[in-house]
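Asks: Sequence:
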Amino acid sequence: MCADCDWRYGDAPDAELPLPRIDVVYYLRFDRRVKIGTSMRPRQRLASIRHNELLAFERGDRTIERQRHRQFATLREGGEWFTFTAELEAHASALRSAGDPWQLYARWLSEALRA
Numbered sequence: 006m007c008a009d010c011d012w013r014y015g016d017a018p019d020a021e022l023p024l025p026r027i028d029v030v031y032y033l034r035f036d037r038r039v040k041i042g043t044s045m046r047p048r049q050r051l052a053s054i055r056h057n058e059l060l061a062f063e064r065g066d067r068t069i070e071r072q073r074h075r076q077f078a079t080l081r082e083g084g085e086w087f088t089f090t091a092e093l094e095a096h097a098s099a100l101r102s103a104g105d106p107w108q109l110y111a112r113w114l115s116e117a118l119r120a
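Numbering (my numbering), first residue to last: 6 to 120.
These aren't lab readings, by the way, just hints derived from the structure by calculation.
All values reported here derive from a predicted model rather than from experimental measurement.
Glycine included, every Cβ here is placed at the ideal spot set by N, Cα and C.
Please note: incorrect hints may appear among the correct ones.
Unchecked claim - Cβ pair distances, simulated, as ranges:
#1 Glu-92 with Glu-21: 38 to 46 Å
#2 Arg-67 with Arg-13: 33 to 41 Å
#3 Gln-108 with Asn-57: 15 to 23 Å
Please put together the full structure from these sequences, using the hints given.
Replies: See the structure below:
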């Protein structure tokens, strides 16, 4: 059994069940800029945005996204794009220290399905 989600290794949820809603704040780097946005379907959303690297996911909705936009307001270049400074890099690195963004997202989904 998985210690994080209580699923038996190798088990998968029924493909016909709707997936639970998991909102994430994402940090995408493109050159020396970072987009801070939110999505409940990150795979679809990220596929539609040109980027070089997914820096991190943070579990949260528009409330957390707005907090981050205020936190990094001095770095805003326009819209949801911010200059990739050491301060923003440190924040993304701290989030990434919890693990690979896609593995975190999979864990959050598993935990929600378990509930």
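Asks: None of the hints should be skipped; say for each whether it holds.
Replies: Hints, verified against the model:
1. Glu-92 with Glu-21: 38 to 46 Å: For Glu-92 and Glu-21 the Cβ distance comes to about 45 Å; the hint holds.
2. Arg-67 with Arg-13: 33 to 41 Å: Since the Cβ atoms of Arg-67 and Arg-13 sit about 35 Å apart, the hinted range of 33 to 41 Å holds.
3. Gln-108 with Asn-57: 15 to 23 Å: At 20 Å between Cβs, range holds.
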